[in-house]
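Protein chains: 2
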Amino acid sequence: MENIFTDDYFMKKAFQEAEIAFEKGEIPVGAVVVVDNRVIARTHNLTELLNDVTAHAEMQAITSSANFLGGKYLKDCTLYVTLEPCQMCAGALYWSQITKIVFGARDEHRGYIKMGSQLHPKTVVVGGVMEEECGTLMKRFFAERRK
Amino acid sequence: MENIFTDDYFMKKAFQEAEIAFEKGEIPVGAVVVVDNRVIARTHNLTELLNDVTAHAEMQAITSSANFLGGKYLKDCTLYVTLEPCQMCAGALYWSQITKIVFGARDEHRGYIKMGSQLHPKTVVVGGVMEEECGTLMKRFFAERRK
Numbered sequence: 001m002e003n004i005f006t007d008d009y010f011m012k013k014a015f016q017e018a019e020i021a022f023e024k025g026e027i028p029v030g031a032v033v034v035v036d037n038r039v040i041a042r043t044h045n046l047t048e049l050l051n052d053v054t055a056h057a058e059m060q061a062i063t064s065s066a067n068f069l070g071g072k073y074l075k076d077c078t079l080y081v082t083l084e085p086c087q088m089c090a091g092a093l094y095w096s097q098i099t100k101i102v103f104g105a106r107d108e109h110r111g112y113i114k115m116g117s118q119l120h121p122k123t124v125v126v127g128g129v130m131e132e133e134c135g136t137l138m139k140r141f142f143a144e145r146r147k
Numbered sequence: 001m002e003n004i005f006t007d008d009y010f011m012k013k014a015f016q017e018a019e020i021a022f023e024k025g026e027i028p029v030g031a032v033v034v035v036d037n038r039v040i041a042r043t044h045n046l047t048e049l050l051n052d053v054t055a056h057a058e059m060q061a062i063t064s065s066a067n068f069l070g071g072k073y074l075k076d077c078t079l080y081v082t083l084e085p086c087q088m089c090a091g092a093l094y095w096s097q098i099t100k101i102v103f104g105a106r107d108e109h110r111g112y113i114k115m116g117s118q119l120h121p122k123t124v125v126v127g128g129v130m131e132e133e134c135g136t137l138m139k140r141f142f143a144e145r146r147k
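Each protein sequence line maps, in turn, to chains Z and R.
Here our numbering is used: the first residue of the first sequence is 1, the next is one more, and so on.
Here our numbering is used: the first residue of the second sequence is 1, the next is one more, and so on.
Honestly, I wouldn't trust all of these hints.
Which copy is meant is left open, because identical chains are indistinguishable; a pair holds if it fits in one copy or across any two.
Under the rule of at most 25 angstroms between Cα atoms (straight-line distance), these lysine to any residue pairs were calculated in the SDA-like manner [to be verified]:
| # | residue 1 | residue 2 |
| --- | --- | --- |
| 1 | K24 | L46 |
| 2 | K24 | G70 |
| 3 | K75 | G25 |
| 4 | K139 | F68 |
| 5 | K139 | Q97 |
I should point out that these hints are in silico values taken from the structure, not numbers from a laboratory.
Being a predicted model, the structure only gives us computed values, none of them experimental.
Isolated chain Z (complex conformation):
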């Protein structure tokens, strides 16, 4: 039997969160956290609504997952996020010792790779899943804002 729980399957759920952010006028980044093929957190960027630079989708996902799990380490968790994490989120993910990170679009300017941030040595990273859709949503957001 084919495994339906692929990285694309969960990235679609993160993408739905990004679309919700888009509709709210937020930079459209969404995230979900998955344990044993079960989604335990769904979040999207809320920096504008909350007037808070720390309210990135990933930060909320980490807090929410830790709350769900009752512990601060995200062992056996996978974060799906539509955009490559920034330094802040990479730093938070470092502390969480998360098992796996799957991201969509790359952020060539402010992404953690360009900025030289370090993830936890235990963390596995997969980039570029649904890269085009995730990137297009971001571009559409900024194009509409410039109008």
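On the provided structure of chain Z, position chain R as indicated by the hints.
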């Protein structure tokens, strides 16, 4: 007339927050945010109590200050923090475009300088204020934990 509002004056207030964290069994890091010689946020590390790796003193200080100011950019703000910020906090401070950061003890292992994180080009940094007191409190915490 002598200016009483020195970096030491405000670092003492951050240190008081670190002592509160110590008493709660938290890694003793405290922070205050100051605008025009007025303290607008006082926070301390709460990662154990909240089971949340993102609950560093600085992260709470950023959120709290933005809430107080009604805007997410910490223009004309100075953060006093008893320990050199980590990658996560440096990343958050980057987004906040904070004007000045004053830290106490250096963190040679997980501090943002060693980790290669970038602050905003506008941000001025002063390190080593009350370095010995801040560092001694940390050492005392870890020594008592090892017992």
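Evaluated hints:
Proximity of K24 and L46 under a CA criterion of 25 angstroms is satisfied intra-copy only: 9 angstroms inside one chain copy versus 31 angstroms between copies. In this assembly of identical chains, K24 and G70 lie within 25 angstroms of each other by CA distance solely across copies; the values are 19 angstroms between and 30 angstroms within a copy. In this assembly of identical chains, the alpha carbons of K75 and G25 lie at most 25 angstroms apart only when taken from different copies (23 angstroms versus 33 angstroms within one copy). In the homo-oligomer, the alpha carbons of K139 and F68 never lie at most 25 angstroms apart, since the shortest distance is 33 angstroms inside one protomer and 32 angstroms across protomers.
Proximity of K139 and Q97 under a CA criterion of 25 angstroms is satisfied inter-copy only: 24 angstroms between copies versus 31 angstroms inside one chain copy.
In the structure shown, a violation is registered for the earlier hint numbered 4 alone.
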